[in-house]
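Asker: Going down the list, the protein sequences come from chains A and F.
With the working numbering applied, the first sequence corresponds to residues 1 to 264, in that order.
With the working numbering applied, the second sequence corresponds to residues 265 to 565, in that order.
Among these hints, one or two may not hold up.
Reference listing, derived: stretches of chain F covered by chain A, where coverage requires no fewer than 3 residues with Cβ under 8 Å from a Cβ of chain A [as the list claims (entries may be wrong)]:
1. 373 to 379
2. 391 to 402
3. 446 to 459
To give a feel for the contact side, a few chain A residues facing chain F, derived at Cβ under 7 Å [unchecked claim]:
4. ALA83
5. PRO109
6. VAL139
7. THR203
8. TYR223
9. ALA224
10. LEU231
11. MET232
12. SER236
To be clear, the hints were calculated from the coordinates, so they are not data collected in a lab.
Positions of the beta carbon are idealized from the N, C-alpha and C atoms, including for glycine.
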Amino acid sequence: MRNNGPIALAFNALVIGFMLAPLLVVCVVAFTPHNTLTIPTTEFSLRWFRAVFAHSDFMSSFWNSLRLALCSATLATVLAVPAAIAITRHRFPGRDFLNALFLSPLIIPHLVLGVAMLRMFALVGGTGSFGWLVLAHTVIVTPYTLRLVLAALVGFDRSAEQAALSLGAGQATVFRRITLPMILPGVTGGWMLGFINSFDEVTMSIFVTAPSTVTLPVRMYMYATESIDPLMAAVSALMIAVTAAAMLLLDRVYGLDRVLVGRT
Amino acid sequence: MSVDLAAPPMPSPMPAPAPARHAVPWLLTAPAFLLFATLLLAPLLLTAVLSFNVYDTATGVKAGQYTLLHYAHVFSDDYYLAIFWRTFWISMLVTLICVAVGAPEAYVLSRMRNPWRAVLLLVVLAPLLVSVVVRAFGWSMLLGPEGLVNGLLRAIGIGPVKMLYTEIAVVVALVHVMMPFMVIAVWTSLQKLDAGVENAALSLGASPFATLRRVVLPQVMPGVLSGSLIVFGLSASSFAIPGLLGGRRLKMVATVVYDEYLHELNWPLGATVALVLLAANLVVMLSLNRVVEGRYKKALG
Numbered sequence: 001m002r003n004n005g006p007i008a009l010a011f012n013a014l015v016i017g018f019m020l021a022p023l024l025v026v027c028v029v030a031f032t033p034h035n036t037l038t039i040p041t042t043e044f045s046l047r048w049f050r051a052v053f054a055h056s057d058f059m060s061s062f063w064n065s066l067r068l069a070l071c072s073a074t075l076a077t078v079l080a081v082p083a084a085i086a087i088t089r090h091r092f093p094g095r096d097f098l099n100a101l102f103l104s105p106l107i108i109p110h111l112v113l114g115v116a117m118l119r120m121f122a123l124v125g126g127t128g129s130f131g132w133l134v135l136a137h138t139v140i141v142t143p144y145t146l147r148l149v150l151a152a153l154v155g156f157d158r159s160a161e162q163a164a165l166s167l168g169a170g171q172a173t174v175f176r177r178i179t180l181p182m183i184l185p186g187v188t189g190g191w192m193l194g195f196i197n198s199f200d201e202v203t204m205s206i207f208v209t210a211p212s213t214v215t216l217p218v219r220m221y222m223y224a225t226e227s228i229d230p231l232m233a234a235v236s237a238l239m240i241a242v243t244a245a246a247m248l249l250l251d252r253v254y255g256l257d258r259v260l261v262g263r264t
Numbered sequence: 265m266s267v268d269l270a271a272p273p274m275p276s277p278m279p280a281p282a283p284a285r286h287a288v289p290w291l292l293t294a295p296a297f298l299l300f301a302t303l304l305l306a307p308l309l310l311t312a313v314l315s316f317n318v319y320d321t322a323t324g325v326k327a328g329q330y331t332l333l334h335y336a337h338v339f340s341d342d343y344y345l346a347i348f349w350r351t352f353w354i355s356m357l358v359t360l361i362c363v364a365v366g367a368p369e370a371y372v373l374s375r376m377r378n379p380w381r382a383v384l385l386l387v388v389l390a391p392l393l394v395s396v397v398v399r400a401f402g403w404s405m406l407l408g409p410e411g412l413v414n415g416l417l418r419a420i421g422i423g424p425v426k427m428l429y430t431e432i433a434v435v436v437a438l439v440h441v442m443m444p445f446m447v448i449a450v451w452t453s454l455q456k457l458d459a460g461v462e463n464a465a466l467s468l469g470a471s472p473f474a475t476l477r478r479v480v481l482p483q484v485m486p487g488v489l490s491g492s493l494i495v496f497g498l499s500a501s502s503f504a505i506p507g508l509l510g511g512r513r514l515k516m517v518a519t520v521v522y523d524e525y526l527h528e529l530n531w532p533l534g535a536t537v538a539l540v541l542l543a544a545n546l547v548v549m550l551s552l553n554r555v556v557e558g559r560y561k562k563a564l565g
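With the hints as constraints, model all of the structure from the sequences given.
Answerer: Structure below.
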């Protein structure tokens, strides 16, 4: 394979700079000591971070988002594991339909999902209820979880399972002691990807959250349409930090490149 | 935001069991199906019904009374037509830029050596996992009247340019959000490419440019096209970017739907616009997908 020429490398540097610029500027401006969005040059201050932690709306939204992401990622995983087992190991009527249905939230715009869920919530009186919000988020993160669990189950060597069965282990024991440990990286990776996607989701959530259940991205969206100040930069920097931590963990558990480009 | 990561793994089914055992897979998928039936299929159906409901500004939605007025309104009113047109051309432009930048970037990255290759690939793709609101906010700081970009422009003598709350900001930020999808799609097809063929072309005397055009490009075209589909679809339905960087004037389809729902409170009309968007998205995706698959199955065997 040939090396990249200088033009290719310069092009690459520009693209990398473009991809990083908005994230870097947010992180730097968050440390400004001033009241305006300026890039700190001489002194750095943590005052805006302190302001975030003292801001009760942002904090309550943060806890909402965290609880929501924990619940919906967990529920999505609990639903996706048996569904993935059925889809990979059985041929049954409706299999292709179910597979397409469970992956469809990736293709349907979140805007449409938000509108549709809002209608449903209004009819069942679920507007503003945390439980319904969890179910709504579960729908949008299930495809991510399902995909990683499917990937773990495809190409799965079943000889260990068959050996256990022939030695007298029950179905439940085989699942708990052999199948689950073997697909565990896919399951935890899927859970984390679901967590990140729920935590970041804004377009659908903005339709279905009530003042008491507003998530952090929705709160930020609303705040940013009203005013732009360093407080927003500090919240954003914290969001980036949380995401980076989650990514690091995901990389350790499953491999970030496998999640992103599907290499196995 | 909705992200389509790598192509879904195609599950390979085991040999068909006896029909009596269908109960097991149905039981295993039942909980997920129940959720998707109540929170995906039913809501979409209800929204479709809602889009035909009569709406009265004084009393609201009239259940049981149906009309095609909302569709007629959306397809004849210049306001909505202008918004659909703007959404279309912005999405098209974003797609073209992503192809022009993302495809070569994926190619350059694929020719790097580790660890640079792995690290830079992650740098390009990782913004995908950062909330789109954060990225929109970052661009609003960069592109604002006192932002870094205008500072640079002023330094080289091009006076301050109004970018924030114009199409420029929306396109730039959308390109940033969509770029990882294009890179992933092209990268995936580059991985399937046999380096031997490229080297053979070179050793037989083809110029690097001819090799790129005649050997590499045809083989990554399916990746470029599937990346374009994803980018176009997500751009056309994007909400937070036009909402935060387009300002109050510059509406796209998603922000109009939001206005109809939460400001005008005309749910049937909002539902109509949303469903037209969904239908347009699905038609474009499914038909182009078919064309691409058919053509490349024939061409590549």
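Asker: Work down the list of hints and note, for each, if the structure agrees.
Answerer: Right, here's what the structure says about each hint:
Look at the region 373 to 379 of chain F against chain A: 3 of its residues bring a Cβ nearer than 8 Å to a Cβ of that chain, three or more, so the hint holds. With 12 residues bearing a CB less than 8 Å from a CB of chain A, the region 391 to 402 of chain F meets the requirement of three and the coverage assertion stands. Counting residues of the region 446 to 459 of chain F whose beta carbon lies closer than 8 Å to any beta carbon of chain A gives 5, which reaches the threshold of three, so the coverage claim holds. Using the Cβ-Cβ criterion of 7 Å, the hint placing ALA83(A) at the interface with chain F is satisfied: the shortest such distance is roughly 4 Å.
Checking PRO109(A) against chain F by beta carbon gives a least distance of about 3 Å; that is within 7 Å, so the hint holds. Contact between VAL139(A) and chain F, as hinted, is supported at the beta carbon level, the nearest pair being about 5 Å apart and thus within 7 Å. A least Cβ separation of about 4 Å between THR203(A) and chain F falls short of the 7 Å threshold, and the interface hint therefore holds. Taking 7 Å as the C-beta contact cut-off toward chain F, the hint placing TYR223(A) at the interface is violated, the least distance being around 9 Å.
For ALA224(A), the interface hint holds, since its Cβ comes within 7 Å of a Cβ in chain F; the closest pair sits about 6 Å apart. The criterion of a C-beta within 7 Å of any C-beta in chain F is not met by LEU231(A), whose closest approach is roughly 11 Å, and the hint is violated. For the restraint placing MET232(A) at the interface with chain F, the shortest Cβ-Cβ distance is roughly 6 Å, inside the 7 Å limit, so the hint holds. The interface hint given for SER236(A) holds, since its Cβ lies 4 Å from the closest Cβ of chain F, which is under the 7 Å cut-off.
Consistency with the previously given hints fails for numbers 8, 10, ordered from lowest to highest.
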